[in-house]
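Chains A and B supply the protein sequences, listed in that same order. For the first sequence, my numbering begins at 1 and goes up steadily by one. For the second sequence, my numbering begins at 1 and goes up steadily by one.
What the hints contain is simulated information worked out from the structure, not anything from laboratory work. Quantities reported herein were computed from a predicted structural model and do not represent experimental measurements. Please note: incorrect hints may appear among the correct ones.
All copies of an identical chain are treated as equivalent in the list; a pair is satisfied when it fits inside any one copy or across any two copies.
[What the hints assert, rightly or not] Mimicking DSS-like on lysine-lysine, the simulated pairs with C-alpha atoms at most 25 Å apart in a straight line are:
#: 1; residue 1: K129; residue 2: K150
#: 2; residue 1: K150; residue 2: K14
#: 3; residue 1: K14; residue 2: K53
#: 4; residue 1: K150; residue 2: K53
#: 5; residue 1: K20; residue 2: K330
#: 6; residue 1: K321; residue 2: K180
#: 7; residue 1: K14; residue 2: K330
#: 8; residue 1: K20; residue 2: K53
#: 9; residue 1: K129; residue 2: K266
#: 10; residue 1: K266; residue 2: K308
Number of protein chains: 2
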Amino acid sequence: MGAGGRIHIADMAKPMAGQKVLLAGWVEDLRELGKVSFVTLRDATGLAQIVVKGGLQASMDGLTRQSVVAVSGTVAETRARDFEVEVSAEQIDVLSRAIHPLPIDPLGRLESGMDNRLNARALDMRNQKTASIFRLRHRVLESLRQGLSKRRFTEITTPKIIGSASEGGANLFSLEYFGKTAYLAQSPQLYKEQMTMGLERVYEISGFYRAENSHTGRHLSEFTSVDIEAAFMDYTDVMDVLEQLVREACVAASECTIEQEATGHKAEVPSDIPRITYSQAVDELGSDCGVSFGDDLLDSHLRLLGEKHPGYYFLTDWPTKLKPFYIRPKDDDAEVSRSFDLQHGYLELSSGGSRLHDPSILRSRLEQQGLDPALFADHLRAFDWGMPPHSGWGMGLDRFMAVLVGVDNVREAVLYPRDPDRLSP
Amino acid sequence: MGAGGRIHIADMAKPMAGQKVLLAGWVEDLRELGKVSFVTLRDATGLAQIVVKGGLQASMDGLTRQSVVAVSGTVAETRARDFEVEVSAEQIDVLSRAIHPLPIDPLGRLESGMDNRLNARALDMRNQKTASIFRLRHRVLESLRQGLSKRRFTEITTPKIIGSASEGGANLFSLEYFGKTAYLAQSPQLYKEQMTMGLERVYEISGFYRAENSHTGRHLSEFTSVDIEAAFMDYTDVMDVLEQLVREACVAASECTIEQEATGHKAEVPSDIPRITYSQAVDELGSDCGVSFGDDLLDSHLRLLGEKHPGYYFLTDWPTKLKPFYIRPKDDDAEVSRSFDLQHGYLELSSGGSRLHDPSILRSRLEQQGLDPALFADHLRAFDWGMPPHSGWGMGLDRFMAVLVGVDNVREAVLYPRDPDRLSP
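Model the full structure from these sequences, guided by the hints.
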């Protein structure tokens with residue numbers, strides 16, 4: 001069946017009363033009241049009431065809920081509570097029959113466990129809460145890209161199959177690649193840094209991979225990352241960019257009223273995102289926690305901080321030794337780095353900073369961290385060609401979406417999540 | 001160095017004469033003419049002439065081409081041929097020194113082989129031809145996404161790590177996944193089809209993987225694919241969408257005048273893309289080629305067709321047996337399928353069609369093609385829940401970009417291409 005003449009339900013309106021229309025969608029509900037039947041038809045854009053009378057009722061024999069139908073009929077004004085107009089059916093074609101019992105209730109009236117929903121994700125997408133999460137994700141992606149484009153960032157695609165286990169090398173999936181060993185990239189870090197040399201400001205939104213045997217609501221082995229890198233920007237500049245992009249995305253999401261209603265969560269729009277230094281956070285945690293400068297903040301510490309700061313906030317100026325080799329220390333205090341994390345409560349959403357651009361300092365930092373500069377030879381070469389100072393960040397999109405739509409488990413915001421126990425469907 | 005106060009070269013203009021500015025970029029050229037030196041400074045947005053006089057010339061001692069500098073100075077009108085304004089330098093800071101000899105000439109005056117350029121891709125990105133290809137790619141991606149959004153397609157992200165070697169299973173990379181065998185996805189085909197059940201119209205632009213030992217200018221083992229799938233559309237409808245998107249992207253690219261000039265190729269904007277059936281193509285090839293209905297079109301045949309049709313054209317209505325199991329035959333002739341390829345000359349850019357949505361027909365097609373329906377159990381289940389009729393296509397973005405910018409090898413349009421011989425950098 002083609003799109004020829006078919007209109008979306010959202011495009012019907014009162015002035016169309018009397019017009020013939022062709023609708024297509026799935027049967028969300030049906031009721032027979034003697035000589036008249038009512039079909040509630042849903043498509044991706046909305047819900048329509050279809051009135052079926054007389055001989056046409058026979059064409060609904062055996063019609064099950066969730067079956068796919070095409071309906072032609074005439075638009076009419078209605079007194080039904082939830083509709084502006086209804087369609088008086090003239091023909092109903094059953095295009096695809098849903099066989100019951102279904103594995104989950106797509107209307108969400110009977111609650112299903114997450115595993116059941118993920119195993120029947122296609123049907124789960126008829127649950128308007130689920131569909132709305134992914135429509136909001138679409139809108140957020142659109143907002144992020146528009147924001148980056150207008151700030152002169154060029155979209156890039158870095159390789160996901162890489163030849164050396166760089167960046168520490170732990171937790172990488174490996175594969176055989178035409179007789180060689182290759183790895184799946186954990187981030188675009190080294191490539192995006194190199195690209196600042198000629199393109200200046202770059203971004204990538206893509207899937208990356210982490211072979212970590214984690215079983216939490218915030219770790220997946222395949223995740224979507226939003227990455228930027230910009231020449232001639234300091235870490236405070238890219239923090240500004242992140243703050244603005246987050247705000248713009250939250251505004252965009254909050255304007256999607258139908259989806260916000262379906263998820264039952266109004267996206268919080270942060271005004272100014274507070275910036276707290278690591279040292280201030282250590283002070284806030286107090287001596288009870290036994291944390292002092294140089295200690296990493298454990299999950300328990302972040303949960304305490306999250307209680308004090310339930311919304312978005314930056315944790316800045318981390319000890320250099322806690323950050324990756326490419327993070328640039330401060331000029332006046334090499335123990336402190338030009339770095340930040342974006343937090344939402346206890347949850348880390350993004351991590352970034354200024355990068356080292358001097359190849360000799362980079363080499364010594366690699367050695368300090370017990371990494372072999374020879375493994376980074378391809379990368380270090382580029383720093384001899386005139387590498388601009390640059391800064392950037394990576395943000396976990398799945399976590400950001402979980403915060404934005406108000407769910408605890410990132411799996412709610414990923415179509416087909418991958419974790420140690422879940423490889424299909 | 002932060003962005004504070006720094007402006008992009010493209011934002012300088014005559015009315016700014018007399019104003020102080022801070023620029024940053026790399027030294028494309030420098031000439032000393034006695035008491036005055038000229039630096040040609042490039043950033044991602046353009047080229048500026050910097051005039052350096054008197055004592056300041058000393059700060060340029062040892063300055064090499066391609067080194068990164070920050071320049072503060074005063075804007076002045078100029079009589080120099082290629083510039084509207086110039087900057088009279090007051091301070092020059094060398095931020096990063098380029099060590100010569102460089103592996104390639106980033107100005108492209110000395111031609112470098114592709115391998116050398118790919119090995120020094122960061123520096124190659126200072127070649128304005130190369131940078132322009134990737135800026136055009138950015139613009140094309142933006143145009144495609146805008147076009148899809150406005151046609152109510154929702155962006156999705158399907159898993160790239162998959163649990164079964166579906167879709168034939170040949171040419172898949174495999175990896176160990178927490179003690180199980182997993183594969184890298186070759187396409188989002190099955191997932192995107194399932195998503196039409198609730199989201200109706202979906203698209204994905206992402207990397208996919210093919211473990212094929214090919215050594216050509218048009219095959220890579222990691223490639224970017226643009227995929228759409230739409231419920232209630234027939235193959236002619238999604239062909240219309242593809243035709244419009246291609247046209248819109250070509251228009252968007254053709255409006256990037258600076259980049260078009262740098263690539264030396266004006267993007268061809270197709271008006272109506274001709275539609276030729278497979279049977280017509282077989283007739284055109286004539287009996288000399290020895291091709292008759294049901295034979296696949298070989299590279300040599302496509303090259304002959306490409307000579308007759310040097311631009312964009314659709315090849316439609318392929319024999320059912322030449323197409324994947326999920327392609328839907330015509331109602332009146334099961335030997336012919338509702339399918340198409342988008343060609344540019346001999347090069348296949350996209351392949352698509354109407355899909356089967358009846359699970360029993362799908363099962364028998366799988367068996368006909370020697371595939372085990374048990375391997376597709378997760379997928380086939382979804383077809384019992386009320387799967388709408390749907391159609392879609394996948395387009396190789398790298399090939400489309402190669403056509404659009406007028407290069408023969410897709411590697412020119414991929415940052416870090418992957419093939420059997422190339423796994424790094």
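Verification of the supplied hints:
no.	hint	verdict
1	K129 <-> K150	between (32 Å within a copy, 22 Å between copies)
2	K150 <-> K14	between (39 Å within a copy, 23 Å between copies)
3	K14 <-> K53	within (21 Å within a copy, 74 Å between copies)
4	K150 <-> K53	neither (54 Å within a copy, 36 Å between copies)
5	K20 <-> K330	neither (70 Å within a copy, 28 Å between copies)
6	K321 <-> K180	neither (34 Å within a copy, 36 Å between copies)
7	K14 <-> K330	neither (64 Å within a copy, 38 Å between copies)
8	K20 <-> K53	within (16 Å within a copy, 78 Å between copies)
9	K129 <-> K266	within (13 Å within a copy, 46 Å between copies)
10	K266 <-> K308	within (21 Å within a copy, 58 Å between copies)
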